[in-house]
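Put the two chains together into one complex; each comes in its own frame, and the hints tell you how they fit.
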Amino acid sequence: MAYPTEYRYTKEHEWIAADGRIGITDYAQSTLGDIVFVELPAVGAELKAGESFGTVESVKAVSDLFSPVNGKVLEVNEALNSAPESVNADANATWMIKAEFDASQLESLLTAEAYEKFISEETGH
Amino acid sequence: MRYLPKSPSDREAMLADIGAKSIDDLFATVPAEYRLSRDLNVPRQHGEQEVIEHFKAFADKNALGYASFLGAGAYRHYRPVLIDTVVSRGEFLTSYTPYQPEIAQGTLQALFEFQTMICELTGMEISNASMYDGSTGAAEAVMMAVRVTGRNGAVVARTVHPEYREVLTTYAQHQSIPKTEVDYDPATGRVDLAKLDAAITDDTACVLIQSPNFFGTIEDVAAIADIAHKKGALLIVSIAEAVSLGIVKPPAEADIVAMEAQSFGVPVGYGGPYCGVIACKEKFLRQMPGRLAGETKDMDGKRGFVLTLSTREQHIRREKATSNICTNQSLVALMVTVFLTVYGKGLKELAEQNLAKAHYAAQTIGGSGKVLFGGAPRFNEFVYQGSRTSEEGNAALLQAKIVGGLPLEKFYPELGPNASLWCATELTTRAQIDAAAEVLK
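Chains D and C are the protein sequences, given in the same order.
The numbering used here puts the first residue of the first sequence at 1, with every later residue one more than the last.
The numbering used here puts the first residue of the second sequence at 1001, with every later residue one more than the last.
All clues stand as given, with none of them false.
In silico BS3-like links for lysine-lysine, alpha-carbon gap of 25 Å or less:
1. D:Lys72 - C:Lys1320
2. C:Lys1320 - D:Lys60
3. D:Lys48 - C:Lys1320
4. C:Lys1283 - D:Lys60
5. C:Lys1302 - D:Lys60
6. D:Lys60 - C:Lys1297
It should be emphasised that the hints constitute simulated quantities derived from the structure, not laboratory data.
Computed from a prediction, not measured in an experiment: that's the story for all the values here.
Chain C extracted, bound-state conformation (with noise of 0.2 Å):
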């Protein structure tokens, strides 16, 4: 969008024509006590130039030309350059909400196209057109799950991101949803089956999980699907690491899966934004939160797209809405599109790579300590537990111009001071690992 200054003599010229002499004219309704009298505090304006050399400023702040280990639910993949081509088109590039069919044809079939893609990777059978990111996409499932099965509870595996596991705890509070965590096995770091067997009773909505999970190893979803099936409780599973997709069985067993998919050409933006999913088994359609575009016919019999089920939302049925959070990320999500249309069958490749660069680092940076959870599968990260505390071994690596794993001791005190959660990607090189292992020894 342009950003237009107004000239004192626009100024002018606006407030004859509404007939005021002054801005102050305009806030005379304002009792004169709740008017500020004084400037605002704030900086001064700056020019165009000044404005560039502060944000370059921010910028160097970054560590640029640095190797890093930190994935952890945000992960540094490859971004085609195509999707900033696409997404900065101007049909694109817009926060509306393609309510218009007519004018907005693009969008609305870019949208079907991300739907068709995440349930073909998932193996749902519907998918949302995206929602705001995969925490938050977690809780909405519990929720979601409390409504289509008339229960109150969620048992809730440890080993799902500790912060997905803080929002829904938010969520939960609020709702008087009960909320039970099942710890996991310290061989494999996967859930531990017994305990979460033991934990559903008659009335638990759902069982949430994550795999891969936060420690990077892939759960047993078919072996947990019976035991929540058995009990009449939907099974969630959240994916936070997308491009896992590539190479691990999709998750079929699952009612509903909460994914993020940041991992699809979504840069690793200082927070944001991200790039909620939720898609599910068609029976769940209408208690699925956020809305769907949908194919159809138009009066002369030719293809077309349109915004369906957005009746869910709360435009439309306020305190009945399935949802309070109204605003999806079409335009992420057409990232998301882009990204996927340009790998296709080349995804499997892809995670091919973070998988074989991951064993390798796992090889010779745990070759200083050790590698937990050793007998589970894994996907592009592990846990590992050098011979002194990560903070000390991460500013040792920083020295190097290395960012080491995320410090997991806040999380899981029980791993002690020394356990770090490290992932590699298709851009992490051998160099790298070798490095990051020079330093650790």
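Just chain D, same shape as in the assembly (with noise of 0.2 Å):
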């Protein structure tokens, strides 16, 4: 799997990229399995660190989408509503929403590297 190192990522397996855009990783749609729909909230929306902005919802589950920085939504990708599936053919490059935020809060913040180890002591290997 691959993890951007220009990206930061969450322990609840989101990814930001400095410019605001934040997805879900790739280990993230793999486990969640066939993306059925995305939720996303309304442009202008406030968003809070480790709050839900949205869910997205696979054949057999629903998950919340957590925010990893405080901010504000600036756009939301609407493309998500007719392709959900675009998620699971391309999560690093498939973002759900854009924010306005401020950049200080990218340091403390998950790097593709701690991420990737994060993610094998989580499932073992």
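In structure tokens form, the structure reads like this:
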């Protein structure tokens, strides 16, 4: 699995790019299985680090999406309404929302290396 | 399910197996003071024949052989024998949810067909695989509209079944959803359109009407839809008498249809079971409560059925579920499916018979008083206002083995003590109608 080094990561399996794009990790999409629906917030909604901003639904489960940062929703990826499966196809390129946030918050998030180490400890391989 | 009593030697063998000397050993961890030290105060056990006699005595309390003109949300229709033959099959007769498609294809296919027929009948794009009943269906539809629109209020016609409105009140009060009731036009018994228009605000999530309504008259669904949609509210149409769909135009202008399907082959049985349905436009799919059976293809390309969208339900997402009623009515929905399969296009003829019988009853029985709301089209129910009180009239009818109409004063005090709601179905005979009219003369 691929974890781009320019992204930062959360223990809840979201990635965030410096330009504010937020998505779920390759590990998350493969664990969830076939994604059939992504429920996203409205543009302008407040984001709070560690709190849910939407849900992602696979065939057998619904999981919350947690915001990596405090901020505001600038843009939502409308394309996901008709093609939620693109998250499975390329989780790294498929962003869900774009956030306006204070970049200093990135410092406290996991690097690609730290995230990879975290999931290998979580899953034991 | 078979009842297998355990003999004393069975009990001893079971106790010995787990290393207990007596039943009391099993409860040793419960402090003595909390244990019941006497026998339960219940009647002694009965033999099979005694049990049968007991229930026969109950059954005798039913007005067997009586003519009945009661409707009001619970309708007597003929039930083809095939219904019970099919639903009694062991493969279907289970309360277990068909989560494993590989062993539940028959059940899943039946639900898929149920949904398909409900869509064809209601003019909606999708339907769930049944809900608890029509009243909770209507309340759930209102909750759904609140989620879809992000608004927080419901405008409800007073011509919606009074008990459906009570159920909605129970739901709405704890969700802090304001509910505004709109009165009817005394000439037609239909919701007053001007008052309806005035009641809808920018925060109204939905308008809830029933058609045919509680008085049996058919609402102008298209006009009401226009009024609701102009102000950005959804229109929910509740249908209590499903047989009406054989002849009444489906409420295709609605956004959500909340139906009670009891009329389709489900007996009127001591208050239940019933069969609720929610059908809606496809764009509201994600906010629809309940589950859907879907059609798919297996690895070999063969047609197969699965439960889809059960992720709306509380076993998967607890507090975020779209509904806390997690029980659907699969077996009852199967009765509905068999009924609709047997009738097919004959549903129209069945509806015509209901219409004709009710028309004749209104004319004949109405002769001794008047039929209210004559200015609007109706299906198989009508409001009769007699020369004496409904209770007096009904007491006299009972003497002649006739169960009269439902007294309306309790629900609509303005109609006075003489008004009652009458229903005639295909099971009502001309002789019964004539006899009732004769008593009320």
